[in-house]
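> Listed here are the chains, written in short residue letters.
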Amino acid sequence: MSHAPEESAVSPARTEGIQKFFHERLGLEVLAGLAAKKLVPIHRSTHFYFLGGMALFLFIVQIISGVLLSLYYKPSPDQAFESVQAFMTEVDFGWLIRSVHSWAANLLIGILFLHLLTAYMMRAYHRPRELTWVSGILLLLLFMAFGFSGYLLPWNQLAFFATRVGTALVGVVPVVGPDLLLLARGGENVTGDTLSRFYALHVAILPLLTLGMLGFHLFMVQQHGMSIPERDLRRYGGRQQIPTMPFVPDFLLRDAVGWYLALGLLAALAALFPWELGEKADPFGSAPEGIKPEWYFLFMFQALKQLPGHILGMEGEMLGTLFFGGVGLVVLVVPFLDRGPRSRHVLNILATAAVLFFIVMTAWGYFDKNSLRLILGASLSLGSLALTIPFTNRGTRSRSVLWLLGTLAFCLLMVGLLWELTL
Amino acid sequence: MEDKCDKLDTCDNCPRRSWLFRMLVGMNLATVASLLYPVLRFLKPRRSTSSGAFQVVAPLRVNQLRPDEEGNWPAPFEFAGKPCILVRTLDGEVKAFNAVCTHTDCTVKFRPQEGDIYCSCHGGVYDINGRNVAGPPPRPLESFKVNLRGKPGQEEIIVSRA
Ligand code: FES
Numbered sequence: 013m014s015h016a017p018e019e020s021a022v023s024p025a026r027t028e029g030i031q032k033f034f035h036e037r038l039g040l041e042v043l044a045g046l047a048a049k050k051l052v053p054i055h056r057s058t059h060f061y062f063l064g065g066m067a068l069f070l071f072i073v074q075i076i077s078g079v080l081l082s083l084y085y086k087p088s089p090d091q092a093f094e095s096v097q098a099f100m101t102e103v104d105f106g107w108l109i110r111s112v113h114s115w116a117a118n119l120l121i122g123i124l125f126l127h128l129l130t131a132y133m134m135r136a137y138h139r140p141r142e143l144t145w146v147s148g149i150l151l152l153l154l155f156m157a158f159g160f161s162g163y164l165l166p167w168n169q170l171a172f173f174a175t176r177v178g179t180a181l182v183g184v185v186p187v188v189g190p191d192l193l194l195l196a197r198g199g200e201n202v203t204g205d206t207l208s209r210f211y212a213l214h215v216a217i218l219p220l221l222t223l224g225m226l227g228f229h230l231f232m233v234q235q236h237g238m239s240i241p242e243r244d245l246r247r248y249g250g251r252q253q254i255p256t257m258p259f260v261p262d263f264l265l266r267d268a269v270g271w272y273l274a275l276g277l278l279a280a281l282a283a284l285f286p287w288e289l290g291e292k293a294d295p296f297g298s299a300p301e302g303i304k305p306e307w308y309f310l311f312m313f314q315a316l317k318q319l320p321g322h323i324l325g326m327e328g329e330m331l332g333t334l335f336f337g338g339v340g341l342v343v344l345v346v347p348f349l350d351r352g353p354r355s356r357h358v359l360n361i362l363a364t365a366a367v368l369f370f371i372v373m374t375a376w377g378y379f380d381k382n383s384l385r386l387i388l389g390a391s392l393s394l395g396s397l398a399l400t401i402p403f404t405n406r407g408t409r410s411r412s413v414l415w416l417l418g419t420l421a422f423c424l425l426m427v428g429l430l431w432e433l434t435l
Numbered sequence: 509m510e511d512k513c514d515k516l517d518t519c520d521n522c523p524r525r526s527w528l529f530r531m532l533v534g535m536n537l538a539t540v541a542s543l544l545y546p547v548l549r550f551l552k553p554r555r556s557t558s559s560g561a562f563q564v565v566a567p568l569r570v571n572q573l574r575p576d577e578e579g580n581w582p583a584p585f586e587f588a589g590k591p592c593i594l595v596r597t598l599d600g601e602v603k604a605f606n607a608v609c610t611h612t613d614c615t616v617k618f619r620p621q622e623g624d625i626y627c628s629c630h631g632g633v634y635d636i637n638g639r640n641v642a643g644p645p646p647r648p649l650e651s652f653k654v655n656l657r658g659k660p661g662q663e664e665i666i667v668s669r670a
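Those protein sequences? They're chains A and B, same order as listed. Just so we're on the same page, the working numbering is the position in the first sequence counted from 1, plus 12. Just so we're on the same page, the working numbering is the position in the second sequence counted from 1, plus 508.
One or more hints might be untrue.
Unchecked claim - Derived Cβ-Cβ restraints for the label pairs, each shown as a range:
1. B/542 x A/261: 50 to 58 Å
2. B/580 x A/228: 46 to 54 Å
3. A/191 x B/568: 36 to 44 Å
4. A/88 x B/580: 24 to 32 Å
5. B/524 x A/234: 41 to 49 Å
6. B/543 x A/338: 32 to 40 Å
7. A/72 x B/623: 54 to 62 Å
8. B/621 x A/409: 35 to 43 Å
9. A/191 x B/538: 20 to 28 Å
As the list claims (entries may be wrong) - Restricting the straight-line Cα-Cα distance to at most 30 Å, the calculated cross-link-like pairs of lysine-lysine (DSSO-like) are:
10. B/590 x A/86
11. A/317 x B/603
12. A/304 x B/590
In short, the hints are calculated from the structure, not lab data. This structure is a prediction, so every number in the text was calculated from the model and none was measured. Glycine included, C-beta positions come from ideal geometry on N, C-alpha and C.
With these hints in hand, go ahead and build the complete structure from the sequences.
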């Protein structure tokens, strides 16, 4: 007469009871049904599907580390720099949390760029996914705004002048520019009022907008399922024939591997290269040498540097700002511009030019030494070429062109390395 | 026949309903506008707190206008909320400029060796008269009037708007 069998008979019933309690009240079977139905197609570019998940993961890291930082940060010109300095030196792991926040921000933008590029190459924006694309571009802009507003918060020299330059660019927009400038700076100059505005933007306005937009983006993905590149559809002879794996758990577990990789990279970067704080901003001092924005704004910065004061009777920086604004607009409406093979061809040429421009300007602006510029530029080119491999077939002309360009980039990389090592 | 008007959007032939509906929309729009107006006004920055001072006595005297041991020229100082930079020509004339670069608002500095005014943000160069001579700046620097007062050799520098 032991009690053990009886007890073990009771507990499953109890957990079942609890399950039933929640199922009845939350309607979980709807979610369970959705999860069971969600399938991920398997083809040559399936691995690109992981980028979105990785970005989501980094966003979660940003929320957590950002909330932690806000416990110590004080948004005023007299205290901002000192408060960051204090929590970096006096609070346990303060330096690490800040470093993680800064590195994750940069990784996040990098991953978003890749996500954008691969989504473009898979033509994941075609009907009916136009709004998924548009919301994705808006998310990218929101995250760049996060980066720009967060950059000022430590109130150091670099941030102060980067903000002066960045907001001045808003000011040159015709007609509404001056008002936008006042709105952005909270006054004519970059002052404590600017800091308050950027703080509110960074911790309240942008997070709310981003959560809303992200919800919409994910809802769209859920609504339409994963987009499959046309060439893979053709290869398998239709959507029905393409092999799939269930999202839960197969894809999710693979996603988790991606998250672990991102976490590992993030931890290594944050610990080995702690983010520097620099010098406190001096609003009336001269701008120090070597002013540079974050790398993802570098291409605009470098282009701005090359523009002369006047072009065709227009001020150079106005032309530059309008140009980049125009490019942004084109990117936003890409799904509506792609209306057949001809326009797609034009878009591809433009996209290639844009990527090339980005690479050249970034490499040029990032280093002062030509050898290092060459190395960076060649590696970035190799990386971008590698992304296109799944979209060309073995033995075709496009694959040979790819090989040719790849070899060229590789040779350039070797030249750069030799140059750097011998000089 | 009037009884059929039971939906708001199908009341084209029901004048009383459509009138009420339009009133409702109008009132809601008015509410939104009356909420938005103070918000927009609130977003507009307050008047600048820095004085719109017409003139200022520079925190350095003429004899202090020279590079320090490391070759750095004295930093700009505040004049009416903006940085103001003082330079001295080879024949001893003192000039004052608004140090805000006309390109995208960085703060310029005087390079005594080169005898020019330089902006390190995008490498803009102005000559000693504040004229933009190289790089991206589209316009010359705003210049201020300079008056000297006191003992020769160590006069006070008074900067005022022209
Ligand atoms: S801000 Fe001075 S050169 Fe651009």
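> Taking the Cβ atom of residue 191 of chain A and the Cβ atom of residue 568 of chain B, is their distance within the range 36 to 44 Å?
Taking Cβ atoms as reference, residue 191 of chain A and residue 568 of chain B lie about 37 Å apart, which means the hint holds.
> Given the hint that residue 317 of chain A pairs with residue 603 of chain B, does the C-alpha gap stay at or below 30 Å?
Holds, at about 27 Å.
> Between residue 543 of chain B and residue 338 of chain A, does the C-beta distance stay in 32 to 40 Å?
holds, 34 Å
> Taking the CB of residue 621 of chain B and the CB of residue 409 of chain A, does the distance hold inside 35 to 43 Å?
violated, 58 Å
> For residue 590 of chain B and residue 86 of chain A, compute the direct alpha-carbon distance and say whether it is at most 30 Å.
Distance of about 25 Å is within 30 Å: holds.
> Within 50 to 58 Å: is that where the Cβ-Cβ distance between residue 542 of chain B and residue 261 of chain A falls?
holds, 53 Å
> Against the range 54 to 62 Å, how does the distance between the Cβ atoms of residue 72 of chain A and residue 623 of chain B compare: consistent or not?
Hint holds: Cβ distance 55 Å, inside 54 to 62 Å.
> Quick check: does the Cβ-Cβ distance between residue 191 of chain A and residue 538 of chain B fall within 20 to 28 Å?
Hint holds: Cβ distance 25 Å, inside 20 to 28 Å.
> Given a hint of 46 to 54 Å, does the C-beta separation of residue 580 of chain B and residue 228 of chain A actually sit inside it?
holds, 53 Å
> If you check the beta carbons of residue 524 of chain B and residue 234 of chain A, does the distance land in 41 to 49 Å?
holds, 45 Å
> Look at the Cβ atoms of residue 88 of chain A and residue 580 of chain B and judge whether their distance stays inside 24 to 32 Å.
holds, 29 Å
> Given the hinted pair residue 304 of chain A and residue 590 of chain B, is their alpha-carbon gap at most 30 Å?
Answer holds: residue 304 of chain A to residue 590 of chain B is near 22 Å, not above 30 Å.
The structure shown violates just one earlier hint, number 8.
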